[in-house]
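Trainee: Spelled out, the chains give:
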Amino acid sequence: MVSGGVSKFAKARPDATFQKIVKESFDYAMNDVPKLKHSMIDGSVVSYFSDHFTRQLMAGIMATDYLGLCPKPNKRIEGGGATGGLCFQAGWEAVASGRMNVCAAFGFETMSHVPTWKGNEFIALASDVNFDYPVGGFYSGYYAMMVNRHMHEFGTTVEQLAMVSVKNHMNAYGNPYAQKRRKLTIADVRNSAMVAYPLTLLDICVMSDGAATCILADEETAFKLTDHPVKITGVGTGTDMMRMADRPHGEVILAPNEKKSDYRNLKYPGVHSFRAGRSAGLQAYKMAGITDPLKQIDFVELHDAYTSSEIQTYEDLALCKYGDGGKFVEAGYPFMPQIDYGMKLPMKGTLPVNPSGGLIACGHPVGATGLMQAVFAFWQIQGSIKKHYGNGELQLKKADRGLIHSHAGTGTYVTVSIMERGW
Amino acid sequence: MAKKNPAKAPAESKKVEELMTGTTVFNIPLPADLKTLKGMSPIVIKQPYHIDYIHSYGQDSPFFAGLSNGKLLGTKCGKCDYTYATPRLACTQCGRETKWVEIPQTGRVHTFTTCYFGGEEFLKETPFHLVLVEFDGVDTLFLSRLIGPAGPEDIRIGMKVKAKFRRNSQLKPTDVYFVPAE
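Going down the list, the sequences are from chains A and B.
For the first sequence, the positions run 1 to 423 when this note's numbering is used.
For the second sequence, the positions run 424 to 605 when this note's numbering is used.
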């Protein structure tokens, strides 16, 4: 990866159509590598989640033609909430296969075009419309059922969930691209409106308008364009059944740092864990040569559409054992060492998770989200956070290897990509 | 909507509700100087969209016929015995075609939630409880509504529940719902 750009995520961007919002992120990425000429781009991949939000089929080609990338190759990538992560990997595939030397991967969503509850209805159409949607289709309800089971299995608490919200909102305070920059307490999170028990308004991400662009290139071209390229050293993609009721109750897929005796009585994945996340993580770890993720990764940008899914994802990614996700946040591991969260933590953060503020605070314009994570991770590894955020508050001292994680509907598609300092 | 919610609304939600109604406009002013157009406010219009689909339940149709006759029909694999509470005509474990079987009408709450908000279509029904029900001898769970308990504090995982059916079938999965059985 040689460059990235993100439009400021906002609740609504009535001033611009989706094409222009994409152009903002694309121009930012192009301007960041002046040696990259438009003519050097061999092709592109584009992602957006829902035709319902755009009320426009083939919006992908419309974004592509707006950027002047015709008649070069392009295709649309879609996979629910993981749309952006899948697009990032499709861009990587285009370069890794040798088909392109330079590929632009961009994504967007314009969710403000319908009222929030209509938007929730659209999102719920990404659940089985014969058996699930008509029963009360509401994604927050689905995730709430999952976390209630997680709490039952493992003793996870609502305060632990709230700590994730406090952490990510506080991190976003230093990120000018974020939609919500708020200083919160655990009590604020618990006292906000109950949406689907036990998840409150502040446990859940919001709808956004936004776009993000990543420019990917082969190694030789990358070093011609920049002295500080970031190498993609591992990719993994996992899937699971759309109806979470249909998922098996079998044995845990073990990570290299786990053993069978760790999980004697655990039925897996059931509805408490994301098998797709585990599958994606293990593929990426294998490719990148990671055997002890907690020690070998410097930071993580993961898909925290719900505070509960952040905790569940710590476990899927084997940052801790299944069941220990709540304790992981309580101990302080995923916090930034340099930030004051207004609460006492047993230890300084060792593996910051969502230093950007994550989806909960940055916003979640679905097709852009996975690419936004890649851009924020790219800047973090480059050490260029100060340049791009206008302040260095969120720059980690050691950010040589990051993990990005994108996740779709109750864990149906999950992508994990490992990004490393390439110079 | 908010008044049904037991928790305090956060400061940011204290706003007048945005409406999708408005005034019909047939003309708007345009400045004479084209140089000023980039500073013009965006024009936002209402764009209606309504479709009636001809939707078939296909091979899963007997499930809905079962509901309208007071039966919960699932499927079972003839080869590996894997049993599905929500029917699948192909076994996900071994790929074989499955057969229709009747599944029990009593089970236990595997997990649950209470929705205080929802997709627009269901907003008027809030708050409602969603449950995943587990049955003895069935390998998968079943998504349904739980009727009866006042709030989430009255529901617990492991609680016994039994199926009830609408008398007048809507040919929807909500033709069946569960109630506490203890």
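I should point out that these hints are in silico values taken from the structure, not numbers from a laboratory.
Predicted model only: the values in this text are computed from it and were never measured.
Check each hint, because a few of them may be wrong.
A short list of chain A residues far from chain B (calculated; beta carbon distances all over 12 Å) [claimed, not checked]:
(1) Pro-34
(2) Ser-39
(3) His-113
(4) Gly-332
DSS-like mimics (lysine-lysine), calculated; alpha carbons at most 25 Å apart, straight line [said to hold, decoys possible]:
(5) A:Lys-20 / B:Lys-458
(6) B:Lys-499 / B:Lys-469
(7) B:Lys-499 / B:Lys-585
(8) A:Lys-286 / A:Lys-8
(9) A:Lys-11 / B:Lys-469
(10) B:Lys-437 / A:Lys-267
(11) B:Lys-502 / A:Lys-118
(12) A:Lys-11 / B:Lys-461
(13) A:Lys-183 / A:Lys-295
(14) A:Lys-348 / A:Lys-286
(15) B:Lys-583 / A:Lys-267
(16) B:Lys-438 / A:Lys-183
(17) A:Lys-118 / B:Lys-595
(18) A:Lys-35 / A:Lys-20
(19) A:Lys-20 / B:Lys-499
(20) A:Lys-231 / A:Lys-397
(21) B:Lys-585 / B:Lys-469
(22) B:Lys-522 / B:Lys-461
(23) A:Lys-260 / A:Lys-295
(24) B:Lys-438 / A:Lys-11
(25) B:Lys-587 / B:Lys-522
(26) A:Lys-267 / B:Lys-499
(27) B:Lys-469 / A:Lys-118
(28) A:Lys-348 / A:Lys-398
(29) A:Lys-8 / A:Lys-118
(30) A:Lys-224 / A:Lys-260
(31) B:Lys-583 / B:Lys-595
(32) B:Lys-583 / A:Lys-118
(33) B:Lys-461 / A:Lys-20
(34) A:Lys-398 / A:Lys-387
(35) A:Lys-387 / A:Lys-397
(36) A:Lys-224 / A:Lys-37
(37) B:Lys-461 / A:Lys-8
(38) A:Lys-183 / B:Lys-437
(39) B:Lys-587 / B:Lys-437
(40) B:Lys-438 / A:Lys-8
Cβ atoms here follow ideal geometry from the backbone N, Cα and C, with glycine treated the same way.
Trainee: Please go over all the hints and tell whether each is borne out by the structure.
Mentor: Against the structure, the hints:
| no. | hint | verdict |
| --- | --- | --- |
| 1 | Pro-34 | 26 Å, holds |
| 2 | Ser-39 | 28 Å, holds |
| 3 | His-113 | 8 Å, violated |
| 4 | Gly-332 | 26 Å, holds |
| 5 | A:Lys-20 / B:Lys-458 | 19 Å, holds |
| 6 | B:Lys-499 / B:Lys-469 | 49 Å, violated |
| 7 | B:Lys-499 / B:Lys-585 | 21 Å, holds |
| 8 | A:Lys-286 / A:Lys-8 | 35 Å, violated |
| 9 | A:Lys-11 / B:Lys-469 | 18 Å, holds |
| 10 | B:Lys-437 / A:Lys-267 | 43 Å, violated |
| 11 | B:Lys-502 / A:Lys-118 | 44 Å, violated |
| 12 | A:Lys-11 / B:Lys-461 | 22 Å, holds |
| 13 | A:Lys-183 / A:Lys-295 | 29 Å, violated |
| 14 | A:Lys-348 / A:Lys-286 | 29 Å, violated |
| 15 | B:Lys-583 / A:Lys-267 | 20 Å, holds |
| 16 | B:Lys-438 / A:Lys-183 | 21 Å, holds |
| 17 | A:Lys-118 / B:Lys-595 | 21 Å, holds |
| 18 | A:Lys-35 / A:Lys-20 | 23 Å, holds |
| 19 | A:Lys-20 / B:Lys-499 | 52 Å, violated |
| 20 | A:Lys-231 / A:Lys-397 | 19 Å, holds |
| 21 | B:Lys-585 / B:Lys-469 | 45 Å, violated |
| 22 | B:Lys-522 / B:Lys-461 | 65 Å, violated |
| 23 | A:Lys-260 / A:Lys-295 | 21 Å, holds |
| 24 | B:Lys-438 / A:Lys-11 | 15 Å, holds |
| 25 | B:Lys-587 / B:Lys-522 | 24 Å, holds |
| 26 | A:Lys-267 / B:Lys-499 | 21 Å, holds |
| 27 | B:Lys-469 / A:Lys-118 | 14 Å, holds |
| 28 | A:Lys-348 / A:Lys-398 | 14 Å, holds |
| 29 | A:Lys-8 / A:Lys-118 | 23 Å, holds |
| 30 | A:Lys-224 / A:Lys-260 | 48 Å, violated |
| 31 | B:Lys-583 / B:Lys-595 | 24 Å, holds |
| 32 | B:Lys-583 / A:Lys-118 | 34 Å, violated |
| 33 | B:Lys-461 / A:Lys-20 | 13 Å, holds |
| 34 | A:Lys-398 / A:Lys-387 | 17 Å, holds |
| 35 | A:Lys-387 / A:Lys-397 | 15 Å, holds |
| 36 | A:Lys-224 / A:Lys-37 | 12 Å, holds |
| 37 | B:Lys-461 / A:Lys-8 | 20 Å, holds |
| 38 | A:Lys-183 / B:Lys-437 | 19 Å, holds |
| 39 | B:Lys-587 / B:Lys-437 | 40 Å, violated |
| 40 | B:Lys-438 / A:Lys-8 | 24 Å, holds |
Checked against the numbered hints given earlier, this structure breaks hints 3, 6, 8, 10, 11, 13, 14, 19, 21, 22, 30, 32 and 39; the rest are met.
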